[in-house]
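Peer 1: Protein chains in written order, with our numbering: chain Y, 554 to 691; chain P, 554 to 691; chain A, 554 to 691; chain Z, 554 to 691; chain G, 554 to 691; chain U, 554 to 691.
Honestly, I wouldn't trust all of these hints.
In this list, chains with the same sequence are indistinguishable; a pair is considered to hold if it fits within one copy or across any two.
Stated by the list, open to error - Only pairs whose alpha carbons sit at most 35 Å apart, straight line, appear in this in silico DSBU-like list of lysine-lysine:
| # | residue 1 | residue 2 |
| --- | --- | --- |
| 1 | 561 | 681 |
| 2 | 661 | 645 |
| 3 | 579 | 618 |
| 4 | 618 | 586 |
| 5 | 579 | 625 |
| 6 | 618 | 573 |
The set of hints was computed from the structure by calculation and includes no laboratory data.
There are 6 protein chains.
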Amino acid sequence: MRLTVSRKAHFNAAHRLYRKEWSMEKNNQVFGKCNNPNFHGHNYELIVSITGQVDPETGYVIDMKILADLIKVHIEDAFDHKNLNLDVPEFKDLIPTAEHIAVVIYEKLRTHLPEAMALQITLYETPKNFVTYAGDKY
Amino acid sequence: MRLTVSRKAHFNAAHRLYRKEWSMEKNNQVFGKCNNPNFHGHNYELIVSITGQVDPETGYVIDMKILADLIKVHIEDAFDHKNLNLDVPEFKDLIPTAEHIAVVIYEKLRTHLPEAMALQITLYETPKNFVTYAGDKY
Amino acid sequence: MRLTVSRKAHFNAAHRLYRKEWSMEKNNQVFGKCNNPNFHGHNYELIVSITGQVDPETGYVIDMKILADLIKVHIEDAFDHKNLNLDVPEFKDLIPTAEHIAVVIYEKLRTHLPEAMALQITLYETPKNFVTYAGDKY
Amino acid sequence: MRLTVSRKAHFNAAHRLYRKEWSMEKNNQVFGKCNNPNFHGHNYELIVSITGQVDPETGYVIDMKILADLIKVHIEDAFDHKNLNLDVPEFKDLIPTAEHIAVVIYEKLRTHLPEAMALQITLYETPKNFVTYAGDKY
Amino acid sequence: MRLTVSRKAHFNAAHRLYRKEWSMEKNNQVFGKCNNPNFHGHNYELIVSITGQVDPETGYVIDMKILADLIKVHIEDAFDHKNLNLDVPEFKDLIPTAEHIAVVIYEKLRTHLPEAMALQITLYETPKNFVTYAGDKY
Amino acid sequence: MRLTVSRKAHFNAAHRLYRKEWSMEKNNQVFGKCNNPNFHGHNYELIVSITGQVDPETGYVIDMKILADLIKVHIEDAFDHKNLNLDVPEFKDLIPTAEHIAVVIYEKLRTHLPEAMALQITLYETPKNFVTYAGDKY
C-alpha cells in the first residue's frame with residue numbers, strides 16, 4: 554500500500570530578484586519591481602509531500618511529528634524572518650525565484666529521507682503563484 | 554478526452570491511535586497524544602477525484618449529483634459524528650490513521666464505480682496534514 | 554490610537570453533547586447525532602482578538618509572541634487532543650457546545666490580560682459553524 | 554531541472570446546461586436545476602499549471618507576468634461577466650459543463666505556449682466541485 | 554450570557570445590474586460589464602449570524618439544524634440556480650446588487666426569528682467583494 | 554438602509570521592526586527575529602470596509618470599481634514590492650508594525666472618502682496574525 558502524506562509549513566522572508574552581472578536596466582526589464590534594491594518579501598506557504606509504503610505496524614507512511622521536525626530544523630529555522638539573498642548561503646549565487654527556492658528545499662530535505670520515499674515540494678510565493686518540484690523522477 | 558473531476562465532502566469523527574498488543578508506554582512513544590484513551594477528534598475534509606472519458610452527450614465525466622450521493626451514503630453516513638474505533642467496523646482491527654482511513658474510503662467507493670474510471674482519495678485530517686491514495690495504479 | 558489585534562490558533566478534540574439528567578431519547582431529540590455516546594470530534598479553529606491602545610514605543614497593542622504563548626499554555630495545552638467531556642474539568646458539569654467552549658476560553662484568557670484590554674473569542678467548530686463571545690460588554 | 558509553475562485567476566459567468574435536441578423533460582432529468590432556461594452562474598476559479606525547464610539565466614520556468622497576461626487576454630477578457638452559452642462562440646454547440654470549459658481553456662492557451670512546456674488546467678465551478686485537464690498526455 | 558452564532562451557506566445564481574428607466578449607455582456607464590443583457594453569475598457565499606442568550610438547558614443560542622433548515626428553505630431553495638432578475642420576485646423592481654440581496658435575505662429570515670435575537674447577514678459576491686447588513690440597529 | 558461593503562486587496566513588502574534610539578540588544582529583546590537588519594517580508598492581505606447609506610438609484614454603497622481604484626492608487630502602488638522602512642515615507646519615523654501600517658492605510662484612504670462613510674481597515678500580516686482599525690469612532 555503506497556500513499557502520499559503531505560505536511561504544510563510556512564516562513565516569512567525578504568528577497569530580491571536580479572543577476573549581478575546584468576545592468577540595472579536589464580534587471581528591471583526582466584524582473585520588474587521584483588528587482589527593488591531594498592528588497593520586498595513574502596509569506597511563503599510550503600507543502601512537503603512524501604510517497605512511500607504504509608508501515609503495517611503504525612499505519613503511518615512517516616510519523617508527522619518527525620516530518621514536521623525535519624521541516625522546522627532544515628527549512629523554517631533556516632529561512633524564516635530571513636533575507637534570502639543576504640542571510641541564506643544557498644542563494645549567494647542563485648537567484649531566489651520560487652523555482653529555485655523549491656529546488657533548494659527539495660535538496661535540503663532529500664538527504665534526510667530514506668531512498669525509498671519519493672519527495673515533492675509545493676511552494677506558494679503568493680496566494681496566486683506557486684511552484685511544484687519533485688526531483689529527477691518528475 | 555480524459556479528465557479528472559473532483560468533489561469535496563467532510564465528516565467529523567473521534568478516533569484514537571494505538572495498537573492493542575502494545576503496552577501503554579510503547580503506544581505513547583509511537584502515537585504520542587493521539588493515544589489519548591478518551592479519544593480526540595477531527596473535521597475530516599475529503600476530496601474524491603475520478604478520472605475518465607467525457608460523455609459526448611452530457612459533457613460530464615460523471616454526474617456530480619451521483620458522485621455526491623455515493624459519498625453521502627457510503628462515507629458521510631458511515632463516518633460522520635462517529636467514533637472511528639468503536640462505531641465503524643472497518644477499524645475494528647485497523648488503526649484509524651489518516652492513511653488507513655483514505656484506503657478504506659478508496660475501497661468503499663471503488664466497488665461502486667465503473668472499472669474504466671480511475672479513483673483518487675485526498676483526506677485532510679487537519680488543515681496542515683493530508684494524505685492521498687489512488688490504489689494499485691499509483 | 555485604539556486597535557484590535559487577532560491571533561489564530563487551533564486544537565483537535567472529541568466531545569459529546571447531552572444532559573446527564575435527561576433520558577437518551579430526549580438527548581437524541583435535542584442533540585441528534587452530537588449525542589453519540591462514543592463521542593465524535595472536531596478541529597476547532599480559534600481567533601483571539603484583543604482591543605487596546607497602541608504602545609507608542611513598540612507600535613504593538615500586545616506582543617504577538619506573548620499572546621501566542623498565553624493561548625498555547627492556557628488553551629491549546631489544555632484542550633488539544635483531549636476529550637472535552639472527560640479530560641477537561643471545566644466541562645464536568647457544562648455541556649461542551651461551541652457556545653460554552655468559547656465562554657470557557659474567554660474566562661481562562663481574561664484573567665491573564667490587563668483590564669484595559671477588551672477580549673473577543675471566535676471559535677469555529679466546523680468550517681460552516683462558528684460562535685463569537687466578548688464577555689459582558691457585548 | 555524541470556518544475557511546474559501555477560497561476561490562479563478567476564472569472565464570473567452565467568451558463569445553462571442542456572442539449573438543444575433533447576426535450577425539456579429529458580434535459581431536466583439529466584441536468585436538473587442546471588437546466589434553468591433563465592441561466593444561473595458561478596465564480597469560476599482557474600489554476601493554470603505549466604511544466605518546463607528552469608531558464609538558467611532568470612531562474613524562471615516562465616515569467617509570471619507573461620503567463621498572467623496570457624490568461625487575462627485569452628481567458629478572463631473572453632469569459633468574465635459573460636453568458637457562456639450566448640456570448641462565447643466556443644460554446645455555441647458545446648454544453649458549457651466544467652469539463653468542456655476546462656478543455657476550451659486548455660486549447661486556447663496551448664497555442665500560445667512553446668511545445669516543450671506541458672499545460673494543465675484546473676477549474677473550480679464551485680468551492681466543492683472542480684475538474685482537471687492536461688490534454689493528450691494525461 | 555449573550556453570544557453570536559454564525560452559519561455559512563451558499564447559492565449559485567445569475568444576475569444583471571441595470572435600471573430599466575435608464576438608457577443602455579447610462580447603464581453601461583454606471584454598471585459596466587455587470588450590465589451584460591445576457592446576464593453573468595456568481596457563487597454567493599452567505600454567513601447568517603444570530604446574537605442571543607445561551608439557553609441554560611441546551612447550551613445553544615439556537616439549534617444549528619434549525620438555523621440551517623431556515624436558510625435552506627427560505628434562501629437556498631429560493632435563490633440557488635436561479636436568475637435573480639427573472640426568477641426571484643423580490644428583485645422584480647429592485648436591482649440585485651450584493652447590498653440589495655443582503656437586505657432581502659435579512660428581511661426573509663428576520664420574520665422567522667424571535668424578536669430577542671439580533672440578525673446580521675454577510676454576503677460574498679466574489680472572494681474579494683462582500684457586504685454586511687444588520688437591519689435598523691446597525 | 555445602512556450597510557458595510559468590503560473589498561480585499563494585497564501587497565508584498567519587506568520590513569524590519571526596531572527603534573533607532575534603542576541598542577541592538579534591546580531591539581532583539583523586544584522585536585526578536587523581526588529585528589533582522591537585512592529585513593524579512595510578508596504578503597499583506599488587506600480588507601477595506603466602508604459603511605454608508607445605499608444609493609437608491611444604483612443600489613450601491615460605493616461603486617466597487619471606484620473603491621478598488623482608490624486602493625490600487627493609494628495603497629497597492631505605494632506599498633507593493635517595497636521595503637516599508639526604506640521606500641515608504643510614512644514609515645521614516647514610524648515602526649512598520651501591522652498596527653501602524655493599518656493606521657497609515659486608514660489615514661491615506663480616509664481623505665478620499667465622503668465624511669458620511671465610516672471606514673475600517675483589516676490587515677493580515679500572516680494568515681495567523683491580523684489587526685483591525687476604524688479610526689476615532691472605534
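Peer 1: If a hint holds in the structure, say so; if it does not, say that too.
Peer 2: Hints, one by one, checked against the model:
1. 561 with 681: both (17 Å within a copy, 5 Å between copies)
2. 661 with 645: Classified as within; 16 Å inside a copy, 38 Å across copies.
3. 579 with 618: between (46 Å within a copy, 16 Å between copies)
4. 618 with 586: Classified as between; 11 Å across copies, 39 Å inside a copy.
5. 579 with 625: between (37 Å within a copy, 25 Å between copies)
6. 618 with 573: between (40 Å within a copy, 22 Å between copies)
Comparing the model with each numbered hint stated earlier shows that all of them hold.
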